[in-house]
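There are 2 protein chains.
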Amino acid sequence: MGIHTQKRNPAQPLKNDRVLVIEDNPDHWVFIQKAMQSSFMEATPVWASTSAEALEYLNDCLTIGIRTPLLIFLDLYLPDKETGWQLLQQIRSLPAPIGYLPIVLLSASNQVEDITRSYDSGVTSYVVKPIDFKDWLESFRAFKEYWWEVAALPNFR
Amino acid sequence: MGIHTQKRNPAQPLKNDRVLVIEDNPDHWVFIQKAMQSSFMEATPVWASTSAEALEYLNDCLTIGIRTPLLIFLDLYLPDKETGWQLLQQIRSLPAPIGYLPIVLLSASNQVEDITRSYDSGVTSYVVKPIDFKDWLESFRAFKEYWWEVAALPNFR
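As you go down the protein sequences, you meet chains A and B in turn. Numbering of the first sequence is given in full-length UniProt numbering, commencing with residue 1 and proceeding in unit increments. Numbering of the second sequence is given in full-length UniProt numbering, commencing with residue 1 and proceeding in unit increments.
Just so you know, these hints were derived from the structure itself, not from any lab. Every value quoted in this text rests on a predicted model; they were computed, and no experiment measured them. One thing to keep in mind: the hints can contain errors.
[What the hints assert, rightly or not] Computed cross-link-like contacts, SDA-like style, restricted to lysine to any residue with a CA-CA straight-line distance of at most 25 Å: (1) K129/A / E149/B; (2) K144/B / E113/A; (3) K129/A / V150/B; (4) K144/A / S39/B; (5) K81/B / E149/A; (6) K144/B / D114/A; (7) K144/A / D135/B; (8) K144/A / P130/B; (9) K144/B / M41/A; (10) K144/A / K134/B; (11) K144/B / P130/A; (12) K129/B / D17/A; (13) K144/A / E113/B; (14) K81/B / G122/A; (15) K134/A / E138/B; (16) K134/B / V150/A; (17) K129/A / A43/B; (18) K144/A / E42/B; (19) K144/A / Q111/B; (20) K134/B / S109/B; (21) K144/B / L153/A; (22) K144/B / A108/A; (23) K134/A / S39/B; (24) K144/A / S38/B; (25) K129/B / V150/A.
[What the hints assert, rightly or not] A few chain B residues facing chain A, derived, Cβ under 7 Å: (26) I115; (27) T116; (28) Y119; (29) T124; (30) Y126; (31) V127; (32) V128; (33) S139; (34) A142; (35) E145; (36) Y146; (37) A152; (38) P154.
Idealized CB from N, CA, C, for every residue including glycine.
Please construct the entire structure, taking both the sequences and the accompanying hints into account.
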């Protein structure tokens, strides 16, 4: 699979700000896309379904001027958590501004050791994936308010 | 000045979770304290008014078991921004879990170079200080929702 952007309603204006969603589970990508369409319309989600796709996209941002995302959502189990942590460290070692983009890790695990290791590996914040769709909506509303309305993002806003 | 905890209403139950507020401007400390009393009652703010006080407090957390804060608010101009960046890097180099606590930087500056350098120095998110008290309340409500209700914090929750 290549990099897929959200299918948009042609009546909606193009949203130039992007977030990169690194998620190997297509059902969760659909949830995230729907949650963003409802609660976080300020940005267009771009999907990478593997580590390799994500790194290719981020390297293209550095080299051929593809629009750099303002925020990254990273699934920890990609499909296993070692792959997620490895990708996290690879992104952190990329040149500025990619290397210090905020990375919000989404994970099914609420284990203390997973949370600790993720912060130790350079994640910006660790979020346990909600179970109900209503809670996905709430989470994405909070992401939008925090990152789009309160925080100043690196280099772009 | 030593480390000062918020004066609490004795009718309120003790809130065990702490946030460390590193802020040299007493007026801004009062604003932050009031905003937390209104919008972020889940945690008790602890004030450090200099880099030395902040480092002493964080080292005491590591060595003599003072309760580790879950989040740090750091004023960039402490009183100058070089001091703020230096302290940020000093905190990031402390042992776990102190070294990877989320650090929300509060700054009067909205200059791109200050935002960029702050992320490059390891800040978790950069927030331009609001001017109106109403906007401080909104910001602290967003901090509470994001860090207390959505994110899982390192090692403590």
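- Message: Tell me if the straight-line CA distance from K144/B to E113/A falls inside 25 Å.
- Response: At roughly 24 Å apart (the allowed maximum being 25 Å), E113/A and K144/B satisfy the hint.
- Measure nothing beyond the straight line between the CA atoms of K144/B and L153/A; if it is 25 Å or shorter, mark the hint as holding. Given that 25 Å is the threshold and the Cα spacing comes to 19 Å, the pair holds.
- Measure nothing beyond the straight line between the CA atoms of K129/A and V150/B; if it is 25 Å or shorter, mark the hint as holding. 10 Å, holds
- Task: Have a go at the S139/B hint: is there a Cβ in chain A nearer than 7 Å to its own Cβ?
- Result: 5 Å, holds
- Mind checking the alpha carbons of K144/A and D135/B for me, to see if they're no more than 25 Å apart? Since the Cα atoms of K144/A and D135/B sit roughly 17 Å apart, the hinted pair holds (cutoff 25 Å).
- Query: Given the hint that K129/B pairs with D17/A, does the C-alpha gap stay at or below 25 Å?
  - Reply: 23 Å, holds
- Minimum beta-carbon distance criterion (7 Å), E145/B to chain A: Since the shortest Cβ distance to chain A is 5 Å, the answer is holds.
- Query: Does T124/B pass the interface check with chain A, least Cβ-Cβ distance below 7 Å?
  - Reply: At about 6 Å, which falls below the 7 Å cut-off, the nearest Cβ of chain A leaves the hint on T124/B intact, so it holds.
- Message: Please verify whether K144/B and M41/A have alpha carbons no more than 25 Å apart.
- Response: 22 Å, holds
- Message: Quick check on the hint: I115/B CB to chain A CB, less than 7 Å?
- Response: 5 Å, holds
- Given the hinted pair K144/A and S39/B, is their alpha-carbon gap at most 25 Å? At roughly 18 Å apart (the allowed maximum being 25 Å), S39/B and K144/A satisfy the hint.
- Message: Check the hint pairing K134/B with V150/A against an upper bound of 25 Å on the C-alpha distance.
- Response: 13 Å, holds
Hint compliance for this structure: every hint is met.
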